[in-house]
Amino acid sequence: MIKLQNLVKRFGPLNAVNSISMAVGRGEVVGFLGPNGAGKSTTMKIITGFLPATSGTVEVCGFDVGEKPVEVQKRLGYLPEGAPAYGDMTPASFLDFVAQVRGYRGAEKQVCIEQIVEKTSLKSVLDQSIETLSKGFKRRVGLAQAMLHDPPVLIMDEPTDGLDPNQKHHVRNLIREMAADKAVIVSTHILEEVEAVCTRAVIISEGRLVADGTPEQLIGRSSIHNAVRIELEPAELDLAKPAIEALDEVGGVDILSRADGRASLRVVSKDGQPITVAVGALMREKGFNITEIYTEKGALDEVFRQITIGEDGTEVNRG
Amino acid sequence: MGNVGIVAMRELRAYFATPIALVFIFIFLTLTGAFAFYVGGFFVRAQADLQAFFVYHPWLFLLLVPAIAMRLWAEERKTGTIEILMTLPISTTEAVLGKYFAAWAFCGIALSLTAPMWITVNVLGDPDNGVILASYVGSFVMAGAYLAIGSCLSALTKNQVIAFIMSATVCFLFTMSGAELVQDFVRTLAPEIVSQAIFQMSFLAHFESVTRGLIDLRDAVFFASLIAIWLFANVVIIDIKKGS
Ligand SMILES: Nc1ncnc2c1ncn2[C@@H]1O[C@H](COP(=O)(O)OP(=O)(O)OP(=O)(O)O)[C@@H](O)[C@H]1O
Ligand SMILES: [Mg+2]
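Chains as they are written, first to last, in my numbering: chain A, 1 to 319; chain B, 1 to 244.
By construction, these hints were calculated from the structure, which means they are not laboratory data. Even glycine gets a Cβ: it sits at the ideal position worked out from N, Cα and C. There's no promise every hint is true.
[Unchecked claim] If you anchor each label on the Cβ, the simulated ranges turn out as follows:
| id | chain 1 | residue 1 | chain 2 | residue 2 | range |
| --- | --- | --- | --- | --- | --- |
| 1 | B | Thr30 | A | Asp150 | 49 to 55 angstroms |
| 2 | B | Pro19 | A | Lys68 | 40 to 46 angstroms |
| 3 | A | Asp150 | B | Ala224 | 48 to 54 angstroms |
| 4 | B | Val23 | A | Asn36 | 54 to 60 angstroms |
[To be verified] Computed cross-link-like contacts, DSS-like style, restricted to lysine-lysine with a CA-CA straight-line distance of at most 25 angstroms:
| id | chain 1 | residue 1 | chain 2 | residue 2 |
| --- | --- | --- | --- | --- |
| 5 | B | Lys241 | A | Lys74 |
| 6 | A | Lys135 | B | Lys78 |
| 7 | A | Lys286 | B | Lys78 |
Construct the complete structure from the given sequences, taking the supplied hints into account.
What follows is the structure in structure tokens.
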């Protein structure tokens, strides 16, 4: 339902978005990841018709956003970064305004506002001016505004940024609930959020799309994916290390710590395949006294760092 | 109600959501009264008309209208709400017109609250109500012209103070160019045709003919095209500047 083709956005000499192509279909929740200044917000602003692209096209529900921005905007809900809202309005009057613009009138409008107020739990603050609301409520006003018309396409820029854990949980549930029949794009810096709500993760770095896959696939790219963690007596360490290294499936062994009468090892799988069974069997066979053994999945944030930090080790950060 | 109306209603409500509207109206009424009675010599003139009242409107508007207009777009850009407004299914033109009409309606409300003056002159004497009506219309239209300038310039910046200073300056130029002092000065420097052209751009010249009860098609065309041009520029500026 969303289709980007060779999307480019330049700000003067800076290529904020550098030839991004991708498509998002119904039922997908795509997480935009990337360092500060990667171009996530800029991409979203172009999709929503707020900014014109320098070149390339964006199609939403079959409409080209450059040619028919209003048609696109009718089918789209957008939560801008930081959830701006008219501070001197109340949530009630703000949502009333948005509902009117969205074409709702009379009783239908009331029903639609009531529903979204219910969903976003805004009832208690409906008549308080928005500028006096807490961050969590402000964010929910922004979400209510974006979801009010139950749009087929939903774009949310850092919807959980700065919220407490309960609010985050609430917002993620909300997104999951809404997502079933929509195409959703959310950007976030919280990587566990991607695993929690996204069916697909896209990493953007320096305006380029550098990774695209399910969260599981991305985690699979971790260098420590399927590595095995072993805890054992420090005395046995010097014997165990070469024995494990001798296994064919093993790519290397790192000593992580050696203190308090316990040593911790990480056995890295050579080609990312599961090796826990083989390593466990070896340990038993040699009679090492291990206190703990488990498989590491690798973490998204490690993959994220791997992908977005340049070859020379310097952080890619233009924010 | 179309999008323009919806945007205008939201904007108008926003004026009254804070004390700004009331403060503004209070200042406007106080100043119009003060100018008419003390500076304009409303009583001394002993004439049943509102000349003393209307003659100061261009100068009052010069300060007060930019104060209304300055927040129109500068605030929207500063707080980021422009990103909400411009991603709702509304065209830029509709947004510009909606906001403009709201501010204009607000001026209309302020102006209409001076009606007691009109009633007073009718109680005291027998004024030419046609002239007064024409003057009110002229004053309202002139406020609209100042507003179009203010709205457009407010889109150029995120800073309301800068927006105010810019539009007060430009409005000042459009007003002053008709003052005799300036006209005399220009005539000494430039050929008649140039000073005439500058004179023709002046709000004062067009407004004064209206307050004498002459509603000339040329004055109407002047204000209408001026408003249209500034609002068109406003739309263009929003489209260019909204993202930055
Ligand atoms: N209006 C603008 N004018 C000039 N440069 C801009 C403008 N907007 C964004 N940029 C630049 O474009 C780049 C991408 O910015 P963008 O806001 O899209 O990053 P982001 O991925 O959303 O970052 P963050 O995670 O910090 O929100 C940045 O280098 C930013 O400075
Ligand atoms: Mg961003």
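Worksheet item: Against which earlier hints does the structure fall short, listed by number upward?
Response: Violated hints: 3, 4 and 7; rest satisfied.
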